[in-house]
Amino acid sequence: MVYALVVLILTTVLYGGAMAQSGCSDALTSLFPCLGYLTGGSSSPTSNCCDQFLTVVHSSPECLCMVVNSKENSFSGFSFNRTLALNLPTVCNVQTPSPSHCKESNIEEGENQNKLEVAPALISVHPSQKSVAVTVGSDLRVFDLIEKCPVTLVDESDVPSRKESIRAIRYSASGKLFVSAGDDKLVKIWSAESWRCLITVCSEKRVSAVAISSDDLHACYADKFGVVWVVELDGINEGEVVASKKGASLLSHYCSIITSLEYSPDGRYILSADRDFKIRVTVFPKKPLEGAHEIQSFCLGHTEFITCIAFISTPELTQGYLMSGSGDSTVRLWDITSGSLLDTCEVSTMAGHLVSNETEPPTQVTVTDICGIPNSSFAAVAIQSFQGILLLSCDLSAHTLSITKVIKIPGESFIPTSISVSTSTKLLWMVSGASNLPGSNHPGFSRVRVMSCTDTESFPILEDEQIPGGTKLLEQLQGKVAIEESVMSAAAEAVRAAMSSLLMKKQYSEEKREFRKRTRNDKKTT
Amino acid sequence: MDSETKSTFSKSTGLPRKRFYRARAHSNPLSDSHFPIPIAPSHVDFSLHFPKVIEADNKISKKIEFADIGCGFGGLLISLSTLFPDTLMIGMELRDKVTEYVKERILALRKTSSEGQYENISVVRTNSMKYIPNYFEKGQLSKMFFLFPDPHFKEKNHRRRVISTHLLDEYAYVLRAGGIIYTITDVEELGEWMKACLEKHPMFESLTQEELDLDPVVELLCSATEEGQKVARNGGQTFRAIFRRIAYAS
Ligand SMILES: C[S@@+](CC[C@H](N)C(=O)[O-])C[C@H]1O[C@@H](n2cnc3c(N)ncnc32)[C@H](O)[C@@H]1O
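So the sequence lines, in the order shown, correspond to chains A and B.
Counting from 1, position 437 in the first sequence corresponds to residue 437 in the UniProt record's numbering; the numbering is continuous, with no gaps.
Counting from 1, position 191 in the second sequence corresponds to residue 191 in the UniProt record's numbering; the numbering is continuous, with no gaps.
Hint data in this document are derived by calculation from the structure and do not stem from the laboratory.
Ideal placement from N, C-alpha and C gives every residue a C-beta, glycine not left out.
Careful: at least some of the hints might be erroneous.
[Stated by the list, open to error] Ranges of calculated distance between the beta carbons of each label pair, as one might list FRET restraints: (1) A/460 / B/157: 49 to 59 Å; (2) A/463 / B/35: 35 to 45 Å; (3) B/155 / A/86: 25 to 35 Å; (4) B/45 / A/412: 49 to 59 Å; (5) A/139 / B/155: 36 to 46 Å; (6) B/155 / A/59: 47 to 57 Å; (7) A/402 / B/35: 34 to 44 Å; (8) B/38 / A/452: 42 to 52 Å; (9) A/465 / B/38: 52 to 62 Å; (10) B/47 / A/455: 49 to 59 Å; (11) A/83 / B/48: 51 to 61 Å; (12) A/402 / B/188: 53 to 63 Å.
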């Protein structure tokens, strides 16, 4: 019992970020009289346990959803029997909302989230592999692969950088520019040659996604309220630093978090994907400052939040087909001109049996990142909790998308949180890590690995010494070379928890909703 | 149970009584939904909404053409139903009680009609500000109505207004070229706002006075809905903005 309690408290600390936010940590802690039963120690729950359970069902039913959604039956070696937990309503004879109701939320909370949210480590590689950038929290680390040395960023703008997490980074297609943006509400456009910050754009809200047009003339960024903004980049050059600029609003997804922004390969469209399962394809206008009003299509078919979008690009195709990854365990293939869904590739079954530390395969997995391998019909896919990469192949004449290879990354718990591919070398750069881990005073951790995609038969994972830049690069991008395995898996877990609390719709039971309605003071009842 | 349900219907007309369906005056369109959302327009089951029409026309080729956004108690749909008997139309309403009321009202009208009328109208509970693309395909609609929408006076709540430049992009997407958007309000400031949004949008143009005079729908705007009737009773002024979706290439 004492042991179990310790573990519960530990779990609460580790999950602190996600739970404290929704006030569930107290509620779940109050269930401690149930631990004897939940760990299989006693065959039936005590009456004290059932009383506490009833209280939680009434006061904060959404917290039970955290148990339903967590998919975990073990934590740090302590097995917590999820089946028994799901049986609690029956054995205590307490009516609960069905677990399938674990959905829905209130979006206006959007902005008032925990200050130190867990943020995944991100990676981006220069299209011709001149440099590579990694972010962990507010830290932006760049390594020059030509000179083989760390890059010192020069930011002379008078807008002070705040210590908040960077949420999006990328190089422009030409490789001339680099953009970074995030929770500090600043979008910074850097020269990818001199690494001077050329423009700082102040956003009204936190920034969740960025894109640069292929002609390097415009940058777009999306804020957490679903508005996409555009700034003109012409006139910027190495000589002058534009202190600060404001964006003009381009388009909007009504109050939905935009998770990904992408230009079509021919530059005709700007694509925006959101938490409400939707991808919008909008004609990128000649005068973007006046707004992008002409919607080409909506790509509809996902049944959970969309996390990432990427184009398959082969030399014959200028238009390109779009792939999207989601919390619904699928990667889907779209024709963006019509918005038609061409194929759906289920990834949970394949990744399921390979997910580490799980006794039963998860029912739903989240796709975290997708990269089209340049000039091929392959795509690399990263999946939450999966220690490796899935390779999909896309048959563009038959319009199908299927898994061709499952690449496990051996050894340490390396679960990629972000991936990026270089056009020239076809090396896939992967990072695993997170910032602001709850219960840790370290700013963050990251581990970089590289996979070669030059040969479509084998996809070897490079040893640290084989990586361009070698250990010098790893020292710059990772901070320190050796990272304990336990930290890596805790980081992956924290990223998973943070992502689902941000993007999954919160769940309110029928009773809770009724209660929320009853307690409203603007309701006119007879 | 039976007597209970019965009492919510008027004895004389057989129609549902509004007072049993009273709900909060305003809903917050920003708060997330608890109603089913169709994954895509092709997933909307029309046979549930228009059983008779689908039965008669088993090709199911007919599509919804009119949408009344924030339809309230459904007065406009009912007037339009007989004016355009061959057109399918749908009301979209955020408040659940109000949606229930409209549903019952339509069912009752269908039942009491001897000529099989009112089979072409229906209602869905949804947040139109978020889910319009889930219901309608590109260019599917020929008319959209926004009658007496909630004014959301405060500057910081302007983004809750159902007419805004960004939302007009979506309306322009579901409206075909030549389709018409009708807006009316008794709040002058909102009237100005809606007109200004439409005027500056490159995909809409104002109808001429002549065109307005010829359109039989225009006079229904302030007479057909419950809100319109209330304003008329109180002798209030109304402000209209009626625009056409034009062909456009950016
Ligand atoms: C003032 S009433 C007008 C109703 C009706 N059009 C009339 O003229 O009588 C506005 C209606 O719009 C509904 N509404 C507000 N926001 C909405 C939204 N986002 N989606 C659907 N309906 C909405 C409200 O619930 C309300 O019934």
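Here is what the structure says about each hint:
1. The hint said 49 to 59 Å for the Cβ distance between residue 460 of chain A and residue 157 of chain B, and at roughly 57 Å that hint holds.
2. Range check, residue 463 of chain A to residue 35 of chain B: about 54 Å between beta-carbon atoms, so the 35 to 45 Å window is missed.
3. About 48 Å separates the C-beta atoms of residue 155 of chain B and residue 86 of chain A, a value inconsistent with the hinted range of 25 to 35 Å.
4. At roughly 50 Å, the beta-carbon separation of residue 45 of chain B and residue 412 of chain A lies within the given 49 to 59 Å, and the hint holds.
5. The supplied range of 36 to 46 Å is met by residue 139 of chain A and residue 155 of chain B, whose beta-carbon atoms lie about 38 Å from each other.
6. Restraint check, residue 155 of chain B to residue 59 of chain A: a C-beta distance of roughly 37 Å breaks the suggested window 47 to 57 Å.
7. About 35 Å separates the C-beta atoms of residue 402 of chain A and residue 35 of chain B, a value consistent with the hinted range of 34 to 44 Å.
8. One distance hint, 42 to 52 Å for the beta-carbon pair residue 38 of chain B and residue 452 of chain A, holds here, with the actual separation near 44 Å.
9. At about 54 Å, the beta-carbon gap between residue 465 of chain A and residue 38 of chain B stays in the expected band of 52 to 62 Å.
10. Against the hinted window of 49 to 59 Å, the Cβ-Cβ separation of residue 47 of chain B and residue 455 of chain A comes to about 53 Å, which satisfies the hint.
11. One distance hint, 51 to 61 Å for the beta-carbon pair residue 83 of chain A and residue 48 of chain B, is violated here, with the actual separation near 37 Å.
12. Evaluation of the 53 to 63 Å hint for residue 402 of chain A and residue 188 of chain B yields a pass: the beta carbon distance comes to about 59 Å.
Checked against the numbered hints listed earlier, the structure breaks hints 2, 3, 6 and 11; every other hint is satisfied.
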